[in-house]
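Asker: Top line first, the protein sequences correspond to chains Y and S.
10 is the number of the first residue of the first sequence in this note's numbering; add one for each residue after it.
122 is the number of the first residue of the second sequence in this note's numbering; add one for each residue after it.
Worth flagging that the hints you see were computed from the coordinates, not collected in a lab.
It is possible that part of the hints are untrue.
[Unchecked claim] Simulated restraints on C-beta separations:
1) D47/Y with G137/S: 30 to 38 Å
2) D213/S with S27/Y: 26 to 34 Å
3) E188/S with A11/Y: 36 to 44 Å
4) N143/S with I63/Y: 34 to 42 Å
5) R179/S with T95/Y: 31 to 39 Å
6) T24/Y with P228/S: 43 to 51 Å
C-beta: ideal position from N, C-alpha, C; glycine also.
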Amino acid sequence: NAGVTQTPKFQVLKTGQSMTLQCAQDMNHEYMSWYRQDPGMGLRLIHYSVGAGITDQGEVPNGYNVSRSTTEDFPLRLLSAAPSQTSVYFCASSYSPIVMPYNEQFFGPGTRLTVL
Amino acid sequence: KNEVEQSPQNLTAQEGEFITINCSYSVGISALHWLQQHPGGGIVSLFMLSSGKKKHGRLIATINIQEKHSSLHITASHPRDSAVYICAVARDDKIIFGKGTRLHILP
Numbered sequence: 010n011a012g013v014t015q016t017p018k019f020q021v022l023k024t025g026q027s028m029t030l031q032c033a034q035d036m037n038h039e040y041m042s043w044y045r046q047d048p049g050m051g052l053r054l055i056h057y058s059v060g061a062g063i064t065d066q067g068e069v070p071n072g073y074n075v076s077r078s079t080t081e082d083f084p085l086r087l088l089s090a091a092p093s094q095t096s097v098y099f100c101a102s103s104y105s106p107i108v109m110p111y112n113e114q115f116f117g118p119g120t121r122l123t124v125l
Numbered sequence: 122k123n124e125v126e127q128s129p130q131n132l133t134a135q136e137g138e139f140i141t142i143n144c145s146y147s148v149g150i151s152a153l154h155w156l157q158q159h160p161g162g163g164i165v166s167l168f169m170l171s172s173g174k175k176k177h178g179r180l181i182a183t184i185n186i187q188e189k190h191s192s193l194h195i196t197a198s199h200p201r202d203s204a205v206y207i208c209a210v211a212r213d214d215k216i217i218f219g220k221g222t223r224l225h226i227l228p
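Bound conformation, chain Y alone:
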């Protein structure tokens, strides 16, 4: 199993550009989520999905879109990049967000994004 994979590892964008951060998992997990990590802020939830075809907003959704057409993939789209979106982005997955013991979170390696 590859676990949770994210691409790219690093990305530099100019203000106003759009791009998609890719996230995939091969563990048949229903729950997938995107977080951003900023210095001194901890991980903050951007969007999440409890299954294919279902997505919902987290704490900081503005400027980001997601879709979940398959169980495996959960891409995060930046519509018009802004310097405030400079951050490290993590994708995570689990069978369930809350039901023990199926709620162990598996994280991707992260994408470091810089917006100039």
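Add chain S to chain Y, keeping to what the hints say.
Answerer: Chain S only, in chain Y's frame:
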């Protein structure tokens, strides 16, 4: 006020010392997670707790549901334990993270 508070924010200790990291939360939860973020950035799950105590090697995690408090202990600490330790709580269908505790173990 953050829903998940960790203390201390930073901790430096000598190799061999007993380490305690604390986590307090203000909401009803279904589970609590302890995670470790390595200096390279990778995040791994250490424990998931809904009650009592769990032990894995030199790591022990406890939770007191009534007091809304959890602790992570490291016995016989080692420089390889240097990392950021993150407490997170599961509520509804979201996971809420603390800001982390940066631990540095000196040889």
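Asker: Just pull the numbers of the violated hints for me, sorted ascending.
Answerer: none
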